[in-house]
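Colleague: Listed below, chain by chain, are the residues.
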Amino acid sequence: MKKKILIANRNEIAIRITRAAHKLGMIAVVFQSDREPDALYLKYADEVIPAYDSGNEKAVFLDPELIVKLALENNIDLIHPGYGFLSENPDFAQLCVDNGLNFIGPSPQLIRDMGLKTVAKSMAIKSGLPLVPGSDGPVKDAATAKEFADKIGYPVILKASAGGGGRGMRIVEKSETLERHFKSATDEALAAFGNGDMFIEKYLQHPKHLEFQIMGDKYGNVVHLGERECSLQRKHQKIIEEAPSASVTPAMRKEMGDMAVRFAKAIGYYSAGTIEFILDEDGSYYFMEMNTRIQVEHPVTEMVTGVDLVDWQIRVALDEKLTLKQEDIHISGWAIECRVNTEDTQNRFSPQTGYIDKIHFPVGENIRIETGVENKSVVTPYFDSMIAKIIVHDTDRNAVINKTLQALYDFNLIGLKTTVPFCRAVLKHPEFVDATYTTRWVDQVYVPEMLEDEDDEVIGALAATILYASEYLKLSSDIPTYKNDRLNVWVLNKRLNY
Amino acid sequence: MGTSYIYKRDASRLFIALRDNGKRFKLYIPKDSKPVVNGQEMDIAFLEQEDLHYVFQWNDKRFNCEIVGRDQNKAIVKVNGVEYKYSLESIFSYIRRGMINTDANKLDENNIISPMPGKIVDIFLSEGDLVNVGEPILTLEAMKMQNEITASCNGVIRKIKVQNGQSVMKDELLVEIQSIDV
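Going down the list, the sequences are from chains V and B.
When you read off a place in the first sequence, starting at 1, and then add 420, the result is the number in the numbering used here.
When you read off a place in the second sequence, starting at 1, and then add 253, the result is the number in the numbering used here.
The shape of chain V in the complex, shown without the other chains (with noise of 0.2 Å):
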């Protein structure tokens, strides 16, 4: 009998598995959601459960509780969380397994150790994983702080214990500054959280964020797939991917990748995941966290390797042995994954929600495109603003991006403002050509004025004029002076129409 998967996400990553579920002989369901009734997604599924969700505070996707009582009323068999939502939460997995549904994803107890950063630290020093040198705890006074400090060497950075949101944090530049910025980072953490334990930690100046991917099977094989750089990042979100990462070299590559499959061997990991380290411009690399299920950004891994990780994940969860072998994985060419959020990139990354009244995507031989949306489709409130992801593979790092370049200009929306211009603007900077922008970029370099073009701009001016001079040359029809024709814009659209 064929097994039913249902997917507990929404958007494109529910019609990415659902196709990889379509390739395994599966029967795809998704739930309908109050929250967006009509969106794209479930015109793919083959069954769509309603999930009646407008009257509870959350919508289905964040309910435990209910994603499991409906999958047993339909008789699922495996659940796939996608990315977000509860793909992370060791309790929703653990409620799965308890129920006999089986959860897509390494097992819950190994959720829950990544998810909480002391341990999965202390996990992956005992696998030799290099962390960034810091205290292990709270320092207790300056003196000690400075004494720390001067051995690690500077910059550095104090981060209070119950710190958040930039509060009780500072960047120490050199040893006789740290007395008094310790002091006026405790005294500003004790105010805000009444709790002054400060943290010390070597700054980085130049941090790159680079991430293995691993798959793994539940009989203790392990690969890795390279590395994505994922440095573009605005409000400590990606934006775009890249894979492999100009920064990493061969040498590099078989070092970290082979440190990221011996910690996963050593943790018992299984299912698709990723090791997120951060790279300094001097070539260090520090281990960072790991992520336990599929990322936005897979789709650059498997353009560039060729192997499809999310019918992995599914195999792997129905017990398959991994017939990847390390050495049959070679990274051919370059990939760039670009986000396609609606929000206004010219006015602080606003998110924007409403109609599109139109979407048109780039069409050609190596450009993948993942969706979520069509013409007319809403995008609400409720959910984020991504709707796309535009993937482009070409043969090399210089050929890609020009590549991706002529995809971005091919895309249009229209009815809302999405992140496609930025990306332009990114793609065309010297710093990203290069290849030495790091995760400081949109705070350090990007400005709005970036994302303009003079040939936009004359047409912008004409378009613009195009409209006042139709009501115009309507209104001033009887002005004795100047003949006029009484030309409205459809005329003049005509005559312009040549």
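Keep in mind that the hints were calculated from the coordinates and are not lab data.
Note that the structure is a prediction, hence the values are computed from the model and not measured.
Among these hints, one or two may not hold up.
No farther apart than 27 Å at their CA atoms in a straight line, the calculated lysine-lysine pairs in the BS3-like style are these [what the hints assert, rightly or not]:
hint, chain 1, residue 1, chain 2, residue 2
1, B, K338, V, K848
2, V, K848, B, K276
3, B, K314, B, K284
4, V, K848, B, K314
5, V, K674, V, K745
6, B, K284, V, K796
7, V, K778, B, K314
8, V, K778, B, K327
Use these hints to put chain B onto chain V, whose structure you have.
Modeller: Coordinates of chain B only, in the frame set by chain V:
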């Protein structure tokens, strides 16, 4: 490219679009030919239009425009995903609002006076017409020679003080021009 005969001589079709960054575009929207931007005929094709959405083609590139904001003479246009703000003026309101140089001496400088005594044998333009710098306005016959009198600035013909066939003295005012040069 000769620009002297591009304007179809209807000043009511000349507009000024001022961007929020201070950039100024002088646009002539002709009846039956290509738009003229800052005195240059542009090879811009108008491909399609639907409501407030326009598609142009220029230099083999497509431009998707969407009018996303409108308030009296202000417009916000989204071009290829990026918004630009403009305020729009007809050339007449532009002149009225004194947004260009209205210095009295400067005005006089642009008027056409007769360089020599003679007879007006041809007038090419009429009041209210647009004129480009260097464009002939009228022909003055003097000493059996026909002299084309040309405009000294880009502007609008305000007043033509002479008629065809009229004899004029040296330094006589022939044509008043309102400059639209900035």
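Colleague: Would you mind marking each hint as holding or not holding in the structure?
Modeller: To see whether the hints hold, each was checked on the structure:
no., hint, verdict
1, B:K338 to V:K848, "holds, 24 Å"
2, V:K848 to B:K276, "holds, 24 Å"
3, B:K314 to B:K284, "holds, 24 Å"
4, V:K848 to B:K314, "holds, 17 Å"
5, V:K674 to V:K745, "holds, 14 Å"
6, B:K284 to V:K796, "violated, 36 Å"
7, V:K778 to B:K314, "holds, 19 Å"
8, V:K778 to B:K327, "holds, 25 Å"
Consistency with the previously given hints fails for number 6 only.
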